[in-house]
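**Q** Keeping the supplied structure of chain A fixed, place chain B upon it in accordance with the hints.
2 protein chains.
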Amino acid sequence: MHHRTAEFREIFSRTLADLKIFIGTQNDVLLLASSGTGAMEAAVSNLTSPGEKVVVLSAGKFGERWRDLAKAFGLQVELLTVPYGETFDLGEVKAKLDGARVLFMQATETSTGARHDVKGVAALLKGTDTLLVVDAITGLGTTDFDVDGWGIDILIGGSQKAVMIPPGLAYLSVSERAWQRMEEAKQPRYYFDLRKERKSQVKGETAFTPAVALVCGLAAALDFIRRGGNGNLVDGRDALIHNAETSAAMVRAGANALGLKLFAPTCPAAAVTAILAPAGVDSSAIVKEFRERFAMVVANGQGEMKGKLFRIAHLGYYDYLDAIGVIGALEHVLQKVAPSHNFEIGAGVRAVQETFAEQFAEAVRV
Amino acid sequence: MHHRTAEFREIFSRTLADLKIFIGTQNDVLLLASSGTGAMEAAVSNLTSPGEKVVVLSAGKFGERWRDLAKAFGLQVELLTVPYGETFDLGEVKAKLDGARVLFMQATETSTGARHDVKGVAALLKGTDTLLVVDAITGLGTTDFDVDGWGIDILIGGSQKAVMIPPGLAYLSVSERAWQRMEEAKQPRYYFDLRKERKSQVKGETAFTPAVALVCGLAAALDFIRRGGNGNLVDGRDALIHNAETSAAMVRAGANALGLKLFAPTCPAAAVTAILAPAGVDSSAIVKEFRERFAMVVANGQGEMKGKLFRIAHLGYYDYLDAIGVIGALEHVLQKVAPSHNFEIGAGVRAVQETFAEQFAEAVRV
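So the sequence lines, in the order shown, correspond to chains A and B. Positions 1 to 366 (the numbering used here) are the ones given, in order, by the first sequence. Positions 367 to 732 (the numbering used here) are the ones given, in order, by the second sequence.
In isolation and in its complexed conformation, chain A is listed as follows (with noise of 0.2 Å):
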């Protein structure tokens, strides 16, 4: 299908219109080809200027990717760490902001598991000048946003994450504050140029040569996604968000009941769970035997935390199968690679069966 078409422009405003629902917002929404780092280029490169300050929230892999945008863009950035695994103080947050021009931060930290408290961090930032861009590439789709309502003048999602398409695609929605910001931001901008991309995307056209394939796998995605809300896109990606909080309470769940230790205990995200490794066990051993015995892909820490533990996904296409699956496999995974540590074989999926009974039942309650 070539991307100058009718038929194209029908999909892909079909598609813009749909991701608007997705995400909750009134705002513009853009697509960009591009993985998600690229739309995080885009909200550093259209919202400032050199020198300009700038809040950064890092507590992961992730954050320091906001980090070292904004310092390749020459910004001054005041940066608020945490240990990975944890999150932020809201009012470690608000000591940082006079003077900020933007906050960058994650959703959901996808190298720990944890999550952030936006709707916290959105409130410190009400009647300030200081616009807030978040994030979501593994938070939409698996946690609840409301965008105009608390202010969210930039939301980034991708493509491979809750929507289960491959990667390559990467979306953002956008403010009016912010396209007023765009006016006066002076970094040299042009294959993510917003602005241009708007002009040519309210007509169903792309700036540049789009994804064309990937565009049509998202319009399937979200299609997919409403048949799961009958028909109704709100209720299908309210479906998501609880499959995914529903996946994300299972695996936990199993792993506590293997004497297991989460990463991120005490704001665990709903997209992916961090787990440690048993003292003296290299993470990698785990994923590796996974991968060998079981074919089933869990990932690895990254950066400081590479071995150190590993991570199971539960977002998009993933269910009570897959939860009660890998938590079956660690246990047979612990045997042989973690003999040293005690655990009754059983007792993690039983642990994973009354979660979701008891969510079950909740959601029968209600």
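Accuracy of the hints is not assured; some may be wrong.
No more than 27 Å apart at the CA atoms, straight line, and that leaves these computed lysine-lysine pairs for DSSO-like [said to hold, decoys possible]:
#1 A:K196 / B:K552
#2 B:K462 / B:K437
#3 A:K199 / B:K672
#4 B:K562 / A:K308
#5 A:K199 / B:K654
#6 B:K427 / B:K460
#7 A:K288 / A:K261
#8 A:K308 / B:K569
#9 A:K186 / B:K562
#10 A:K71 / B:K672
#11 B:K569 / A:K306
#12 B:K552 / A:K71
#13 B:K462 / A:K288
#14 A:K61 / B:K674
#15 A:K71 / B:K654
#16 A:K61 / B:K562
#17 B:K674 / A:K199
#18 A:K196 / B:K437
#19 A:K203 / B:K419
#20 A:K196 / B:K462
#21 A:K196 / B:K492
Derived list of chain A stretches under chain B, where covered just means 3 residues or more per stretch with a C-beta under 8 Å from a C-beta of chain B [what the hints assert, rightly or not]:
#22 30-39
#23 163-173
#24 211-225
#25 341-350
Hint data in this document are derived by calculation from the structure and do not stem from the laboratory. Cβ atoms here follow ideal geometry from the backbone N, Cα and C, with glycine treated the same way.
**A** Frame of chain A; chain B shown alone:
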């Protein structure tokens, strides 16, 4: 398939190695998750510092893209323009070079169907400090390059043209001189930071999430081209180029036999042929009739040429069937939308056949 796996690393590394053969270079080759314009931006932001003098050769919409990119990055642009459909005088190019850090050009200008003299421009730059950057997005696989012999510092290709897969991937070869220049280049860059990409890609990884499905598609496309060369990728690529040259000659002959004027008669590209609509006829009507009656996608003019010409592509998976089919259909289209344009029915397809026979005879003689 997850991208941080041995399985993907193997496919990715093999694809990079195949691309080096396909491009015909010993230079490093990198893949980017973006459309071709992203790789164009990478060339600008990695090789220059704000305020430097660069030369842009512009004879169409994509030449103007180089101009706009260079201006967006604060460069002092020495612009050599010639009218759409024409190409550059080497003497005029030479007169622009003094003090230029980089020269940016197209191999073939997709918007007009003109081919530019990359070899001639490269010869002018030999022994100077001016780097040569060539957008070969439609040039690769349709025309010959001697990247290392001529001295092309960055050559850019895309996924959706001669390699026949959907858009969303770009690739580029980078010379040792270009790597050295990057050490002093001061433009802000992050998503398209080539030095960071090289560090990852030599290990079969990417700095940011790659477009996994498109990389797998590209691997398969290069295998397909290799089979076209009986297992030899260079032979397959040369067959692809010969096929484009033959198809282009057939289409040009057909158009001429129908009394139509080529838009770039003195320097026609093998990737695409631009044909002027008969006097008084809007080319949009020709494009529309092709689509509605024959389900054939023929492109309109771009920019200022919209409505004045139509463009027939013949790159990649395009052969005798397509060339004779599109010229045959063109005869019916002209009868309908340009009733006062005189031509003999069948003259176009007969010219296509005669051209094919000549090409075939030549190939036999060689």
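**Q** For each hint, tell me whether it holds in the structure or not.
**A** Hints versus structure:
Taken as a hint, the K196 (chain A) and K552 (chain B) pair is honoured in the structure, with Cα atoms around 25 Å apart against an allowance of 27 Å. Distance restraint check for K462 (chain B) and K437 (chain B): the Cα-Cα separation of roughly 17 Å lies within the 27 Å cut-off, and the hinted pair is therefore satisfied. Taking the CA atoms of K199 (chain A) and K672 (chain B), the gap is near 18 Å; set against the 27 Å cutoff, the hint holds. Distance restraint check for K562 (chain B) and K308 (chain A): the Cα-Cα separation of roughly 25 Å lies within the 27 Å cut-off, and the hinted pair is therefore satisfied.
Proximity of K199 (chain A) to K654 (chain B) is assessed by CA-CA distance (about 24 Å); at most 27 Å being required, the pair is judged to hold. Of the pairs offered as hints, the one joining K427 (chain B) and K460 (chain B) holds, with about 23 Å between alpha carbons and a cut-off of 27 Å not exceeded. Taken as a hint, the K288 (chain A) and K261 (chain A) pair is honoured in the structure, with Cα atoms around 20 Å apart against an allowance of 27 Å. A C-alpha spacing of about 22 Å is found between K308 (chain A) and K569 (chain B), which places the hinted pair at or below 27 Å, so the restraint holds.
The hinted pair formed by K186 (chain A) and K562 (chain B) meets the criterion: a straight-line CA distance of about 25 Å does not exceed 27 Å. A C-alpha spacing of about 42 Å is found between K71 (chain A) and K672 (chain B), which places the hinted pair above 27 Å, so the restraint is violated. For the hint pairing K569 (chain B) with K306 (chain A), the CA-to-CA distance comes to about 17 Å; that is within 27 Å, so the pair holds. For a cut-off of 27 Å, the pair hint linking K552 (chain B) to K71 (chain A) stands: about 13 Å separates their Cα positions.
The hinted pair formed by K462 (chain B) and K288 (chain A) fails the criterion: a straight-line CA distance of about 58 Å is larger than 27 Å. Proposed proximity of K61 (chain A) and K674 (chain B) is contradicted: the alpha carbons are some 52 Å apart, above 27 Å. Among the hinted pairs, K71 (chain A) with K654 (chain B) is inconsistent with the structure: their alpha-carbon atoms are about 49 Å apart, more than 27 Å. Distance restraint check for K61 (chain A) and K562 (chain B): the Cα-Cα separation of roughly 16 Å lies within the 27 Å cut-off, and the hinted pair is therefore satisfied.
A threshold of 27 Å between alpha carbons decides the hint, and for K674 (chain B) with K199 (chain A) the separation of about 24 Å falls inside it, so the pair holds. For the hint pairing K196 (chain A) with K437 (chain B), the CA-to-CA distance comes to about 15 Å; that is within 27 Å, so the pair holds. With a C-alpha separation of about 36 Å, the suggested pairing of K203 (chain A) with K419 (chain B) is violated against the 27 Å cut-off. Between the alpha carbons of K196 (chain A) and K462 (chain B) the distance comes to roughly 30 Å, so the proposed pair goes past 27 Å and is violated.
Restraint check for K196 (chain A) and K492 (chain B): the C-alpha separation of about 37 Å exceeds 27 Å, so the hint is violated. With 6 residues carrying a beta carbon less than 8 Å from a beta carbon of chain B, the region 30-39 of chain A meets the three-residue requirement, and the given coverage holds. For a cut-off of 8 Å, the count of residues in the region 163-173 of chain A with a CB near a CB of chain B stands at 4, and the three-residue condition holds. For the region 211-225 of chain A, the assignment as covered by chain B holds, since 4 residues bring a beta-carbon within under 8 Å of that chain's beta-carbons and 3 suffice.
With 0 residues carrying a beta carbon less than 8 Å from a beta carbon of chain B, the region 341-350 of chain A misses the three-residue requirement, and the given coverage is violated.
When the structure is compared with the earlier hints, violations turn up for hints 10, 13, 14, 15, 19, 20, 21, 25 and for no others.
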